[in-house]
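**Student:** From first to last, the protein sequence lines stand for chains A, B, C and D.
Following this note's numbering, the numbering of the first sequence begins with 62 at its first residue and continues without gaps.
Following this note's numbering, the numbering of the second sequence begins with 62 at its first residue and continues without gaps.
Following this note's numbering, the numbering of the third sequence begins with 62 at its first residue and continues without gaps.
Following this note's numbering, the numbering of the fourth sequence begins with 62 at its first residue and continues without gaps.
Treat the hints loosely; a few may be bogus.
Where chains are identical, the list cannot tell them apart; a pair therefore holds if satisfied intra-copy or between any two copies.
[Claimed, not checked] Derived pair list, reagent style BS3-like, types lysine-lysine, alpha-carbon separation capped at 27 Å:
#1 Lys365 - Lys185
#2 Lys375 - Lys185
#3 Lys339 - Lys366
#4 Lys109 - Lys253
Hints are computed from structural coordinates only; laboratory data are not their basis.
Number of protein chains: 4
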Amino acid sequence: MSILRFESDYMEGCHPLILEKMNKINFEKMTGYGCDEVCESAKEKIRKACDCQKAEIYFLVGGTQTNATVIDGLLKRYETVITANTGHITEHEAGAIEAKGHKVTMLPSHDGKISCEDLLSYLKNYFADENNAHIVKPGVVYISFPTEFGTIYSLDELKSLRKICDEYNLKLYADGARLGYGLCASDEVTLKDIAKYCHAFYIGGTKVGALFGEAVVFTEENLIPHFFTLMKQNGALLAKGWLLGLQFDVLFTDDLYFKISRNAIKMAKQIENAFVKKGYQIFMDSPTNQKFIVLENSQMEELKKSVTFSYWQKFDENHTVVRFATSWATTQEQVDALCKLI
Amino acid sequence: MSILRFESDYMEGCHPLILEKMNKINFEKMTGYGCDEVCESAKEKIRKACDCQKAEIYFLVGGTQTNATVIDGLLKRYETVITANTGHITEHEAGAIEAKGHKVTMLPSHDGKISCEDLLSYLKNYFADENNAHIVKPGVVYISFPTEFGTIYSLDELKSLRKICDEYNLKLYADGARLGYGLCASDEVTLKDIAKYCHAFYIGGTKVGALFGEAVVFTEENLIPHFFTLMKQNGALLAKGWLLGLQFDVLFTDDLYFKISRNAIKMAKQIENAFVKKGYQIFMDSPTNQKFIVLENSQMEELKKSVTFSYWQKFDENHTVVRFATSWATTQEQVDALCKLI
Amino acid sequence: MSILRFESDYMEGCHPLILEKMNKINFEKMTGYGCDEVCESAKEKIRKACDCQKAEIYFLVGGTQTNATVIDGLLKRYETVITANTGHITEHEAGAIEAKGHKVTMLPSHDGKISCEDLLSYLKNYFADENNAHIVKPGVVYISFPTEFGTIYSLDELKSLRKICDEYNLKLYADGARLGYGLCASDEVTLKDIAKYCHAFYIGGTKVGALFGEAVVFTEENLIPHFFTLMKQNGALLAKGWLLGLQFDVLFTDDLYFKISRNAIKMAKQIENAFVKKGYQIFMDSPTNQKFIVLENSQMEELKKSVTFSYWQKFDENHTVVRFATSWATTQEQVDALCKLI
Amino acid sequence: MSILRFESDYMEGCHPLILEKMNKINFEKMTGYGCDEVCESAKEKIRKACDCQKAEIYFLVGGTQTNATVIDGLLKRYETVITANTGHITEHEAGAIEAKGHKVTMLPSHDGKISCEDLLSYLKNYFADENNAHIVKPGVVYISFPTEFGTIYSLDELKSLRKICDEYNLKLYADGARLGYGLCASDEVTLKDIAKYCHAFYIGGTKVGALFGEAVVFTEENLIPHFFTLMKQNGALLAKGWLLGLQFDVLFTDDLYFKISRNAIKMAKQIENAFVKKGYQIFMDSPTNQKFIVLENSQMEELKKSVTFSYWQKFDENHTVVRFATSWATTQEQVDALCKLI
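My request is simple: use the sequences and hints to build the entire structure.
**Tutor:** Below you can see the structure in the form of structure tokens.
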């Protein structure tokens, strides 16, 4: 029997409808760099889904590239981007933001989220400091939705963050690498809310049904002038941009993006329930497609023989926190097989 | 009748064998970031094709990204990269090299190539200048094979460039966006020669049969330490790296990369012959898949109605130089249709 | 007899009035970072001399630092600075502009100057190119006044450059490392003209009477927001900023800056005349404090025994172009001694 | 009566012997860029004082410039510099390190110092993380001696830090903006120890007797190749470099640097004693020229009328921590006047 794999959510290819369309138009000659009708169609569908007709949309290839290109575009040289100290940009992107010349300022992480209190306190300190001309100025607030811990901001939190940003002239940017999973796990925040409260965000494709690709949405016109040239300069402009448009066009047809996201949430919930039922401790209340479970070390070693999962952190001398991740492609059979092993 | 399109060589998707394999393994769970067996297989095939077992190979997504990441990795901060003033890195990459902090030093272009004489003269001047500590130091020589004008270096030129590089402690790097077309058009230079005389180069996939992707080959061990981390920092690390490995694995099976490259050369030659036969002037002796033709302006306007091609430059008051590009996917039918229109 | 030295114009310390004032206030406790009353006084004097009350003025330490900090501040990331290919920023500043991420675009040098024709032609090409989103956008025009060849722009040339800049939405920036010498050599261009036609420029102190220091003048309000923080970030903010203010305060009292500049021009003229009288060829018509003379090689070797000067370039097999530079501190005795040797 | 000023240690000009020598050689023609005999003499004296004949020494203008240029030179692009979260480079240099492309990694501050335990723990975590190729690699350890809080590392701490650096292949770099004050306050660490245990450090001049200037000492040969060119590229190369050499030549003649440093320590001790005697609370045990005192808020307001000092932080509702700084130039009269007011 082959091993069950639950270590991440970007292990499969893409939704079959995408491959189908790729097969279909493979020999059609397309204009380069995203200036084609398939991209236009995808953009229009995303604008509608966001309920934001003025949105400017660009397709990039991957998450780190997208974060670095967008944040660099939003920041002036004397400005800094603010993140939870667990944010992907500060932890796992090899210094990509700093490589573009910007300091990343960290606030405490509350299960992966920043709190409005911490943000306000930091801003007040900065503006009260009479020597702040020697310090980088706050420019952008980075949040991830859902966070790296699978947690999600409430609608009130989103509103409050935006309010603070408006008050202090900051831009609010959301990293949506797993946006579909976050939105499907929330009982209140919708894509329209994200578009309403964020100046910029991206709709993650790589982890949610696409082969690769992230759709950046700017909810204000000309938020980053000449973004196309900046994409080129950052090596983030795909020659066959229609490949990206095609994927998002499929994903935003008939609500597919959300339909397949819901599968991941459903499968993850079943896994969580199975662990709970057997008396395992859930490490963190994480409503999305990532479940963090406390395993006794010997159990963990035993389980490893037939399932892959991610090491997260040490819990105590005898226990370890591990992560199980589902995706749009996780099947009931795979989950059943896992649950039997627990 | 739909319009014939010859304006560039990256208009189609990919070779059907690639799509076939993608369809086949779409739901296999693969390890991320290129650390999978498909990438390993592709690398091994490329090493063999290069006759360079010690080669270190990485797969990146696009050309500008690859040039910037590799050249940045090869250069020290006080060094410059030398290119023909028509080189892609200085002309059409939106300042990507400079955005990484490096000056690009230009030598005269000889139909897209740099001459050993010019290179030597520049190097001698630099090293003779007693104030050269105020000037960026030569570090890397960038060539494109074939060049942006479709021309190719001879084996002797390649050897001489490498000899100069060794003498002055420079690295020789070749941009192989259209490497297959360049090699198939040469009657002497082979992939093994490229691997022998260049410290680093890339095998272009985007324009030669792949959906996207470039295979960087370092022909010396540890030429750029921690290149994986640099890729991540530059947003050039694809999460589903196996997508890149898969494409090169197919392209380097049964010599497919070169077989399909030859098609582009053959088709281009037919187009050139058709123009010559009708008495048109060939602007530049360009043996690869790009043909530069001098058209009378009114002819050009007429032709535009049924064919797309690229404006290249003004020739004189009444004539214009235009470019016709073929690719691995260009069909005999398309060429025949074009030839009828000439 | 000690050797006569004419190789450059930054060999002496500073005008004695500066040292006198430094001695006088050495133990006065001054506020840091240029936020002191001496700096304010100097700024006010410069504003008056420029006839530009809205000018914002900053004091930096050296020329390369000033060029890099100002040009970086003026440019967007997708923009380039345009210079003659002999401009100091592209030739002798070790890639400082590129190190900040910007491409330097070169136009032909006409005795060190750019021509309006070349500039217009470049701009028209850029804006006519339908693929220019892949190319860095023109943002700043860099000129040096006087140029590296000691030549100066006429008032008409300055006006035309500014007109082009306005038309194409560019900023005009003048490197005034030797501004005093340029202005004293011109029979028409004044400091007020420089302030009228340039968006930004600097008044060179290092080569014109100061120990060190350059006064940056922005002739429009808030041209570079948060420039103070950018200075800090670039390591260009002097803790004891009053040292810079003090020097410019002295130099802009009683017209001292121009009085001492005139000395350099007068001395240089005498040297030129002496060479002409003896039948030597003047290489280039250079009206400022740098004189370029063609010497027969054996004469050059002979002269070297008692005088220092700069090698400029080879003239022909038997002749060499050399440069003699005078400064604010050059004495009649030194010039007489040199003239005797010719 | 004029106000007493104790808010910082860079308020005066320079030691009179420096001005004396500047006056003396003002009209001597000196070779540029630090390639003169005065710089050579200063370097030789510093080498002797460091007991490190192989030391390579460079003179830069200010602290932020020095930190950015040296740390950038020491780091590879994929590496990070580690500092206490109170380090000057992360707090008050406007993102200068990040502007050069490098992430600054913070460890907890223990009264301004990093602990070997924290450093080891961070390093072990990094090297144990199997995904660390996605994270910047530790490259340089930055310490300040004395710290921003006026505290100093013990000899044992220095030795241990270096031992860890050797074990993990890191470079140890000390910011010596106030080095003289730190060394004079230590009863065990000497300049020779700093030179023995640090790969690189700088001897601060700006705050210790010079008008401006910092002497960078590399204790290993060729630690940063082509550092001269990097200085130029960073705008950190002073044209009249002899001005820097002259100052350090004077300061390192007859032990002047340490003699005048001791004055600051002695004066600071008197101030501290006066506060202690009157029953005030000393906030932090800081043995150097900065004294941190807890003042009742109304006392603070009263004192402000006749003395300047720095706000440091809030202590509680009714008390504030303030800083009094002495310098090489602080006089007994000034201290007596202050003590009378307490």
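**Student:** Each hint: holds or not?
**Tutor:** Consistency of the hints with the structure:
1. Lys365 - Lys185: between (48 Å within a copy, 24 Å between copies)
2. Lys375 - Lys185: between (36 Å within a copy, 14 Å between copies)
3. Lys339 - Lys366: Within. Shortest intra-copy distance 19 Å satisfies the 27 Å Cα cut-off; inter-copy 71 Å does not.
4. Lys109 - Lys253: within (9 Å within a copy, 52 Å between copies)
Violated hints: none; the structure is consistent with every hint.
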